[in-house]
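K.L.:
Read off the chains here:
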Amino acid sequence: MQIDRQTVEKVARLAHIHLSEEEIEYYQGQLGSVLDYMQQIQSAADQLPAEWRADIAGTSCPERLDEAKPSQIIEKVLQSAPKVVGTAFQVPRIIE
Amino acid sequence: MSLDQVQLSACEIASAVNEGSLKARDIAQAFLDRTDDLNRELNSHVFWDKEAVFNEMEKQLDYIEAARHAHKSLPLAGVPIAIKDNIMAEGHIVSCGSRFLQNHRAAYDATAVRQLKQAGAILLGRTNMDEFGMGSSNENSAWGPVRNPWNRSHVSGGSSGGSAAAVAAGMAPLALGSDTGGSVRQPASFCGVLGLKPSYGAVSRYGLVAYASSFDQIGPIGRTAKDLARTFDVIRKHDPLDSTSVDTQHMGSTEAQLEKPLEGLTIGIADELLAEGIDEDVRKAFMESLEHYKTLGVTVKTITLPNLKHSIPAYYILATAEASSNLARFDGIRFGVRTPKPGASLKELYMTSRSEGFGREVKQRIMLGTYVLSSGYYDAYYAKANRVRELIRRDFQAAFDSGVDMIATPTAPTTAFALGQKTNDSLSMYLMDIYTIAANLAGIPALSQPIGLDRKGLPIGLQLMGKVHHEGELLRSAHQYEQSKRWSERPKF
Amino acid sequence: MNSLSDGPSGQSFKGLLARYEPVLGLEVHCQLNTASKLFCSCKTDFGASPNQNTCPVCLGLPGVLPTINHTAVDYAIRMALAINGQIREKSVFARKQYFYPDLPKGFQLTQYDLPYCENGYIDLDNGRRIRIERIHMEEDAGKNIHGDSASYVDLNRAGTPLLEIVTAPEFHSAEEAVDYLRKLRAIVRYLGISDGNMEEGSFRCDVNISLRPRGTEKLGTRTEIKNVNSFRNVEKAIAYEIMRQADMLDSGEKIRQATLLFDAATGRTQEMRSKEDAHDYRYFPEPDLGPLYISSERVNETRSKIPELPQMKQKRFMDEFQIPQADAAQLTEEIELSTYFEEVVAKVQGKVAPKIVSNWINTEYLRELNNRGGSWAKPLLTTDSLAELLRFLGDGTISGKIAKTVFEEMLEKNESAKAIIEAKGLVQISDTGEINTVVADIIAQFPDQVAQHRSGKPKVFGFLVGQVLKVSQGRFNPALVNQSLKEALDAEV
Ligand SMILES: [Mg+2]
Ligand SMILES: [Zn+2]
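Residue numbers (my numbering), protein chains in the order written: chain A, 160 to 255; chain B, 150 to 642; chain C, 11 to 503.
Facing chain C, from chain B, some residues (calculated, C-beta under 10 Å): (1) LEU250; (2) LEU357; (3) ALA470; (4) SER473; (5) ASN475; (6) ALA477; (7) TYR527; (8) TYR531.
FYI, nobody ran anything at the bench for these hints, they're computed from the structure. Source: prediction; values computed, not measured. Built from N, CA and C at the ideal position, the CB exists for glycine as well.
So here's chain A without its partners, still in its complex pose:
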């Protein structure tokens, strides 16, 4: 399956990963052959009706009691955070 350059770029943009020229080419090749191989599931999947959903087939999730418990974790986290001002994480100014 051919994956075009625009597709690789679009996916990288969605995933917020910057790719070099060389990487774009490399991934174009690799993703193409892997996606090609994946086509075999198309017909295999049709053994089950399209309405079948995995997400409601699972066992239901347990619920936690609504009790507030303090966590003293933040100091430790701030210590190894990339950039901190006071107790907030700093990022470049967000332009709305």
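Let chain A serve as the given structure and place chains B and C with the ligands on it in line with the hints.
P.N.:
For chains B and C with the ligands alone, kept in the frame of chain A given last:
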């Protein structure tokens, strides 16, 4: 003396320490020294710092000593255990084999680690791995590949390559790995040790850095089935912090069941899985191991698993989809490495931090996962792969319903391959997981045990897959197999 | 402020509405007032300094997992029942993926195509029924704080439980939208699941808006106004946007789908910077949580705990107490107010008509409450105190005018009505002899007015009553004054 000590099994060490015939400190020292020696050759450990490990274990040594004085027997008293680098232990640098987390100090303990500490185990270093668990050869680590203890120019397998190599080389009697598509079993097979991937939900994932959430399980790697059983019993406690955690206490101790005879058990084999792409030595050893199981009273029966051939595409769609999302939190804002590029805008900060922090395979899987979830492709890939996953589950269910207790395959189609052999061909690397992935798709337990060496002297593994929450049968089978056909080979140093 | 009749091009609002029909839909994000967050045990109080109420889960650290809050689910069920929604037995949490610093995991846990509630409704005062398409549970984001040279991330709010309540596009005016919002807000407060505070952001409103030529069916292109923070601003934002779109349509321009912000200072909407990529949120089911199962037993049990809701109560007040709709609506907007009213009514039963109690609470009490910046949660007077005052009014001990004075004194001095009336000698005088004497004096003092009265000017009578009451400092029984004055004037003829 110290060479004798590093040959001891985890259970032997625990008994000796509980009795007082061996000192936990001395044991730890012996393994520390050996790790220090061999790590240079094998690159099995990351951020190895003998001093730091030594200092950290003081508290745990006191705890073990106090338990002994109180005549309280700890199941893993003084047992050194190496921890895969994607499992949290407070205060450790937990890098997941990634540049992104080279400075990431864990702020909390994983539930499994907490349980190990309570059981008296001593954390002895962190083991190398494919970045975020993405790989089958350990060549995708930012910290370099792990070398196979049996042949230094071959891969250890992955992604828990460091853990398997460490146990094989006697750097620890036990290690924790994690298994998403075979990451405990395949390196265990390549390194000639045992590895267990528990049923999904048996071991808490809290504190395991997620690769693919619906597949990941923490599992033990060791040199005896008894050691695996004991470790598994310690770490499989129900955990309210993991909503997918299952209470398996009704199973009782798997260790206590090890001696129960195997008569009446049936192993299924599926011919279609052994048809092609399998190494001759591996096939031969596999058939011989089944013959041996027959001598232990096990019946071998042919079954069919028609959808297992779709395991790999289904897995790589679903696992990468989950991974693309699980790895979105690596953004350079709250932890990990932020790009040093000055004046970066927010967008550039994301793009560049992620681009610099992630390795090649991780980026590939993130992109693959992003692609299959993106608008217009979800139904063709993600939704269909989920249906294939269900079909595979049903195949297993049908096999178990037909009277089979376990299903056997080789753990991998080949023995450990040479370093660099498959690094530029994703697909051929992915195909190495052909036998292991199905158990993760179905959530069933699976174990790899060593069954011999190929003509190059590299270990061959047998995989046994069982019914959900029937680890006991896998461990008991492997135990009686190794008791009756003692595996005495060790890598040479 | 621009009046509503001024469009950007100065055309009349009414004229424009004759040509275009506005179609509005509302999305409300309502914060639930649980003790802990939706997926972790942190406090939901975000007044603390940045990041103080955070843990590994809501910080999105590697290795953590969500666990759902039972009470949040209970609250969600209450809400669904209050709007007569259908509750799905198995609903699914999904990951909505995008990168933003206030979103620590890189995805928001929300419900997507299988929300827990669908197809509810709320009836408006004008009799129209507005369909609520869906309600789903989701987690709130943190906050980005913008500085001059950088922005700062505070995750105290991250993970707070939200209900997102989405109506069908069925409103046709700002008045309808505001009526709906008032009713919805009253409901969440009656249910005790949210404080419904718009200014503080615990009840946030997004408005979808489009115009179509009157008499046509097809919906026009819509814009979305985000986060409008008061009822008044909802009204203004909608009016402005209707005019803006009408002007564009009139001049042949195409409406572009856009997200807008309403600037309360200028009264205008402004387009938010559009993201360069069209949104592709890549929703997929959260693998770390199973489906949310809500049994019919649980629904029924919750149903039995739901209090009488504002619209029911309003109707009951009208029937039971014979008070007009507007008064009943005001009394029932806040649950504490309605309870207060009913308590006072019970305590003055047979002595003071409920209508009088309603008038008193809706005017005197409410004015004082507003003046003092108080809230219904903390009443100015106990119901006992107010009932005592109203009983004095009811049995004629004091006049209505005196009652108001006493009421003010009660608030100032924190004394009982009885004490104030006795201390100041404010008891109403019903001695007709005393009243007749003053009436005679006043008739003598104001011959001109008396003459005017005779020539048929009815207003003068009121003036003369006022003069009599003034002399008595309000203590004469007004009914008796009326009677006496009337008799005296008639007698003079
Ligand atoms: Mg939302
Ligand atoms: Zn938290």
